[in-house]
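Number of protein chains: 2
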Amino acid sequence: MSKVNVSIIGSGNWGSAISKIVGINAKRLTEFEDRVYMYVYEEIINGKKLTEIINETHENVKYLPGYKLPDNVFATSDIVEAAKNADILIFVLPHQYISHIGSQLAGLIKPTSMALSLTKGFEIAEDGRIELISQVIRRHLNIPCAVLMGANLATEVAGEKFCETTIGVKDSKMAPILYNLFSTPNFRVVISDDADTVEMCGALKNIVATGAGFIDGLGYGDNTKAAVIRLGLMEMIKFGNVFYPGCQLATFFESCGIADLVTTCYGGRNRKAGEVFVKQGMSFTEIEKNILNGQNLQGPETAAEVYHMLKTKDMEDQFPMFTAVHKICIGELKPDHFIECVREHPEHM
Amino acid sequence: MSKVNVSIIGSGNWGSAISKIVGINAKRLTEFEDRVYMYVYEEIINGKKLTEIINETHENVKYLPGYKLPDNVFATSDIVEAAKNADILIFVLPHQYISHIGSQLAGLIKPTSMALSLTKGFEIAEDGRIELISQVIRRHLNIPCAVLMGANLATEVAGEKFCETTIGVKDSKMAPILYNLFSTPNFRVVISDDADTVEMCGALKNIVATGAGFIDGLGYGDNTKAAVIRLGLMEMIKFGNVFYPGCQLATFFESCGIADLVTTCYGGRNRKAGEVFVKQGMSFTEIEKNILNGQNLQGPETAAEVYHMLKTKDMEDQFPMFTAVHKICIGELKPDHFIECVREHPEHM
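Chain order of the listed sequences is U and C. Numbering that gives the first Met the number 0 numbers the first residue of the first sequence as 0 and each following residue consecutively. Numbering that gives the first Met the number 0 numbers the first residue of the second sequence as 0 and each following residue consecutively.
In case anyone wonders, no lab produced these hints; they're calculated from the structure. Heads up, some of the hints might be wrong.
Which copy is meant is left open, so a pair is good if it fits within one copy or across any two.
[Unchecked claim] Keeping only pairs whose Cα atoms sit at most 30 Å apart, straight-line, the calculated DSBU-like set for lysine-lysine is: (1) Lys-278 / Lys-67; (2) Lys-237 / Lys-326; (3) Lys-169 / Lys-237; (4) Lys-169 / Lys-333; (5) Lys-326 / Lys-288; (6) Lys-2 / Lys-172; (7) Lys-169 / Lys-278; (8) Lys-83 / Lys-48; (9) Lys-48 / Lys-288; (10) Lys-310 / Lys-271; (11) Lys-326 / Lys-312; (12) Lys-237 / Lys-48.
With these hints in hand, go ahead and build the complete structure from the sequences.
Here it is as structure tokens:
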């Protein structure tokens, strides 16, 4: 039997962290080909290509400095080279780039391959509805696509601190190989068949975390933040019930649900950006550049995408927190308004 | 119609914070008698009685320094004077003292009065099962008893930072007056009829928070803590399903559930104690005295009570996190063991 080829499409903070796990498991387990390709968007760092630095020093000095990547992880800036022989394609790019990469790869990958998305967000479809990233990948590549989401701050995963994660996979035949590729003693995988809910949680939590950052920026404490987390979770569940029929409440109790929401609202970059936005009046673009070392934020864009759909369906009133985060992000409302939104939330009625 | 008399039994950090809300509402609303009695366990602070200091300066300098209490809150160290005319008795003592106070008051209160417990914990009954604090109060006083639990760190409530709370009340006739007594623009009350679950959440969260403190003490990060919070919540839900038939899953989504759990695992004193216990090897008694300014911890005792019942029923294996917290607290297991408990939790199987 031929070995399973694995490629990672993306090499930011999270892509680099996950390449440690995938690289080690690919080498350790006989079912996988040792070499793992990693597609890197080329940048020049101190006069040298980032791909060369990674392949020589086994460190992504830009997005995950201080952590060694396994030496069987091979960086390339050629997306086709990275993807063409893969049996498992792991997408871990900011969601803004998924459609572009998908259209580049269409027709150039193995038709028998499968995808796994670690990317959080939505894309606005032509009819005004929003598509999950896994749907965008399936549409472009015509292969099955599972998702991996959980309470997984990248630096802590790279530091091998114990955590849990959730793999959402509709086709149970895909589950064992994905489980084997990601499981380690410090990265505990739980499989869920409610894949759309798993993915939806990963996208929506960044909206809530942006709001939690507003609360921190406004000087409120842990009690108020807990209320934001709770009310945000209630909007996430409602969103699932309205837009993803079959959505199971139990999925919100997995790592992709409450656990990821909590972690993101305390330790994530979208929370931080929300706080800086309020305290320093910096734009999100400036925050990405000056505070986040070029990493993309997902919260404000996801809020815009969700708002677009809610407005199309005249449902803004039913999701006041998602709506308020968007309107504050674009400057239509002052950050102070967020506490009013929490205070008057329909969940209290 | 005669006015409703309110008494607060207890004056620690939380009792003092809640006396601000109750005092202001009692004065503001015509249905309540202005004067609110507050039972204070007498202590001498710099040569002066704490009750006198509170009545003269309107500040509990020991347990809530820096916040003014309403001047209609009257402190007394005479428990019978505090309680005898009350129509609403608010219990907010450490759970270790409830039975003693209950037996002191039996037969000396208005038979038409109602109680509300803000106290978190259990008491071990003669048959080895554990009683909720509201059950202990009902047993001693023979009056109905509701509960108030939520993501309510006392100092933030005193500082009028917005938060939510849950009042659990079995008899819906009691709900409106309790709602009125506690509601403010910054203290948002939601009523639940699933009172036992509301109360159980308030008790069990302190066990989980002690475990979250161990994780902090051992140097793990937000991902691991999120896993502890999630697995702790799963044990709380299981505990409800096993021991409180009729327990509703929706109640865990109220402020008393996930929100309080999150707040307590990040900002609460039981978390702090767990961290200090691991890092400095201090006993919990020393921590109460040296770090917490004499405030009582609930986590270790609640863990002991829950463990007692689990052992009686031979169910330790089904609640490994609750069991591990107890065994670590009493020194039977090393703190390092806690991460093994998280790693091998049956929720992952």
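- Message: For each hint given before, does the structure comply? Return the numbers of the non-compliant ones in rising order.
- Response: 4, 7 and 12
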